[in-house]
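Engineer: Below are the chains, spelled out letter by letter.
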Amino acid sequence: MSRTNTSTTNRLSRRRTYRRLMFGCIAVAVALGLALRFFDRPLLGEAVYWIGILAFFGIWFGTSGSLFDERDRALERRASQVTMLVAAAVLVVGASTARLVTALDLYEVPPMISGALYGYVALFAVFGVAYAWLRSRS
Amino acid sequence: MNNDLRERRDRAGLSQADLAAAVDVTRQTINAIERERYDPSLELAFKLAAFFECRIEDLFHPAFDGETD
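Protein sequences, first through last, are from chains L and V.
When we follow the working numbering, the leftmost residue of the first sequence carries the number 1, and every step to the right adds one.
When we follow the working numbering, the leftmost residue of the second sequence carries the number 139, and every step to the right adds one.
Simulated from the structure, these hints should not be mistaken for laboratory data.
Please note: incorrect hints may appear among the correct ones.
In silico lysine to any residue, SDA-like type, Cα no more than 25 Å apart, as pairs [what the hints assert, rightly or not]:
| no. | chain 1 | residue 1 | chain 2 | residue 2 |
| --- | --- | --- | --- | --- |
| 1 | V | Lys185 | L | Ser114 |
| 2 | V | Lys185 | V | Leu197 |
| 3 | V | Lys185 | L | Asp72 |
Computed from a predicted structure; not experimentally measured.
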């Protein structure tokens with residue numbers, strides 16, 4: 001039977017550290033960005049935000065080993081499915097309600113709501129394109 | 139999918155972290171497999187079988203309809 005060795009244990013420990021660092025960068029950058037915006041420093045806030053984003057991707061792509069294992073990817077897939085299901089429900093019910101209240105002159109749907117609904121439509125359009133592309137490659 | 143990963147790991151005197159390190163996944167993944175909440179990929183199943191020097195079907199037992207999962 002095979003035995004674990006120090007290098008594999010270190011690799012897993014490094015993976016955990018890098019993951020914490022990645023998400024820590026994003027969390028700190030978002031918090032600092034919001035704080036700087038609050039203190040009327042929007043440009044500096046945006047710069048800090050982008051430093052966090054770049055650090056996140058820098059760590060992700062800069063490390064030699066994989067930072068996520070197959071269960072992480074399976075969980076991501078399932079979470080994406082749930083998200084799309086919720087988005088679909090919101091779009092179907094929301095768009096129909098918006099059309100109805102407008103047609104019946106009950107309520108004028110604010111541009112922000114219509115914009116959000118078009119955003120959902122765009123999301124599903126991207127999903128359709130991605131699905132078709134992946135199907136053509138498999 | 140039923141499996142006897144925990145029994146084999148216990149017999150080998152390994153912790154979940156040890157086994158995770160050996161097959162290059164997280165400890166949580168080993169825990170989820172042992173609790174039968176996650177079915178491993180074919181690649182990971184092969185790795186686990188190779189680690190315990192047995193066949194995949196000795197380690198994993200699919201629960202078909204009518205059987206308990």
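Engineer: Each hint: holds or not?
Structural biologist: Now for the hints, and whether the structure bears them out:
1. For the proposed pair V/Lys185 and L/Ser114, the alpha carbon gap of about 51 Å is over 25 Å, so the pair is violated.
2. About 11 Å separates the Cα atoms of V/Lys185 and V/Leu197, which keeps this hinted pair within 25 Å; it holds.
3. This hinted pair checks out: V/Lys185 and L/Asp72 have alpha carbons roughly 18 Å apart, not beyond 25 Å.
The structure shown violates just one earlier hint, number 1.
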